[in-house]
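Quick note, the sequences are listed as chains G and U, same order. Every letter in the first sequence is one number past the one before it in UniProt numbering, and letter 102, counting from 1, is 102. Every letter in the second sequence is one number past the one before it in UniProt numbering, and letter 137, counting from 1, is 137.
To be clear, the hints were calculated from the coordinates, so they are not data collected in a lab. Bear in mind that the values here come from a model prediction, so they are computed numbers and not experimental data. Careful: at least some of the hints might be erroneous.
To be verified - The calculated lysine to aspartate or glutamate pairs, modelled on EDC-like cross-linking and capped at a C-alpha distance of 16 Å, are:
#	chain 1	residue 1	chain 2	residue 2
1	U	K294	G	E83
2	U	K294	G	D87
3	G	K88	U	D293
4	U	K130	U	D75
5	U	K345	G	E47
6	U	K294	G	E90
Claimed, not checked - DEER-style ranges, computed between Cβ atoms:
#	chain 1	residue 1	chain 2	residue 2	range
7	U	G15	G	D7	26 to 34 Å
8	U	D248	G	L24	29 to 37 Å
9	G	A67	U	R42	26 to 34 Å
10	U	N322	G	A119	43 to 51 Å
Idealized CB from N, CA, C, for every residue including glycine.
What follows is the residue order along each chain.
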Amino acid sequence: MSEIPGDLKFLKSHEWARVEDNGLVRVGISDHAQSALGDLVYVELPEIGASVTAGTGAAVVESVKAASDIYSPVSGEVVEVNEILADKPETINEDAYGNGWIFAVRISNRDELNDLLDADAYAELIENEDH
Amino acid sequence: MTEKTVLNATHRALGARMVDFGGWDMPINYGSQIEEHHAVRREAGMFDVSHMTVVDLHGDQARAFLRHLLANNVDKLKVQGKALYSCMLNENGGVIDDLIVYFFDEAHFRLVVNAATRAKDLAWIEQQAKAFGVEVKERPEFAMIAVQGPSARDKVVGLLHDVDRDRIRKLGKFVAAAAQGPHGMPLFIARTGYTGEDGFEIIVPQEQAVALWEALAAAGVVPAGLGARDTLRLEAGMNLYGQDMDDDVSPWEANLAWTIALDEGRDFIGRKALEAQKAAGVKRQMIGLVLDDKGVLRHGQKVLTAAGDGEILSGSFAPTLNKAVAFARVPVGDLGDVRVDIRGKEVPVRVVKYPFVRDGKPCEGI
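Isolated chain G (complex conformation) (with noise of 0.2 Å):
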């Protein structure tokens, strides 16, 4: 299992967030959840400007076999959305926590922060449901 970065937040759903230090939160899915999905081949991505709400679809990938939605882990403002992964939706299957990021959220509250997973208790979290 790869290393989780310990600087991000979760959603039991597999999203992760990163506060980032100009206050955007980005938002990807975690290297567990692409490894589930597969290869993945389409990435439908939320508009520049749409408002998001904490735990509902954001964006939607698609793998060879199914289509899964991504929840927002955080409510506010679409600002930035990876225009790569148009054309190379792979992206997130070989970087999911890096170039493979979904899009990045104005946060409009930022207690919801709290209400997300840390890195260990994600990480206890997929661990158990290996088993």
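For chain G, the structure is supplied; the task is to place chain U on it using the hints.
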């Protein structure tokens, strides 16, 4: 309870991602479905298809029984080893299963049927066989490995006993023969498959299946999961039971008219219903779709046409084409501009003749 093939531990040792497939614990992929798909299109890949069921039919009336049971006509099978693809229909003309029948001799035929429909198939076959005094014998002691791809036949032939090589190399399409594999293992080799590539489907005694798998791997045949098998067969324009046809769909509606033999004087199960449907005009048709935009077509999505709504049957990203393709069942009539509802958005698609891929290359117009 989930059933396991004799190769289950081999799949796990290779790091396969396992899924439940019709009650069987089967490998969906060994890392990358797309790489496995390409391996079959470009070189050779192998699939564990031991979950499929081998059924031997014995009895003097075996041929007469199959004339009655199947929509295609077994009288096309004249030479030992020859195989035939057919639907097995219910009285309403719906498809109970699609299968391959092999001819050994007048008192011995072999069927290979789908895994997910095994119990239903056996009950139906046994019920129908009684009147003909035909013995229906399931052969669970066999495993089955499909080796597919442009170099599949060479790689298999290289593993055979010297005396068998020429004969098996010359085996015609849809013909099977016995041969000796590594360590003298008895193989039943059929030049059939489900990927649109050349290759063999090999029936082997269970206790020798792992050795055959390993010998094939050593010869450079890449293990491929059922995920790749699905995208390969979709590209090749082949139906999947349960998705593209079922008990409520007739062969007319599943683009399988070519498998129906309406020969004089043969009263097969479902014939009356098929003839009535044809006389009244078949209401639904199966078409091929290509999505040129980004996105993926999926089973169950709504298809909008000028003739009325239909739905996607098998649909997937096609790795050879690098875009999504699908089969759809839609009303018969002028379809106009066809669109698919993908998560609430109507996306235009092109109606095409399939197969989508043949001999490893996109077909014209795809």
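Going down the list of hints, with the structure as the test:
The suggested pairing of K294 (chain U) with E83 (chain G) holds, with an alpha-carbon distance near 13 Å, which does not exceed 16 Å. In summary, the hint linking K294 (chain U) to D87 (chain G) is supported, as the alpha carbons are separated by about 9 Å, within the 16 Å threshold. Between the alpha carbons of K88 (chain G) and D293 (chain U) the distance comes to roughly 15 Å, so the proposed pair stays at or under 16 Å and holds. Restraint check for K130 (chain U) and D75 (chain U): the C-alpha separation of about 21 Å exceeds 16 Å, so the hint is violated.
With a CA separation close to 14 Å, the supplied pair K345 (chain U) and E47 (chain G) stays within the 16 Å bound. Restraint check for K294 (chain U) and E90 (chain G): satisfied, since their Cα atoms lie roughly 14 Å apart, inside the 16 Å limit. For the pair G15 (chain U) and D7 (chain G), the supplied restraint of 26 to 34 Å holds, since their beta-carbon distance comes to about 30 Å. In this structure, D248 (chain U) and L24 (chain G) break the distance hint of 29 to 37 Å, their C-beta atoms being roughly 52 Å apart.
Range check, A67 (chain G) to R42 (chain U): Cβ separation about 28 Å, and the 26 to 34 Å hint holds. As the Cβ distance of N322 (chain U) to A119 (chain G) is approximately 36 Å, the hint placing it in 43 to 51 Å is violated.
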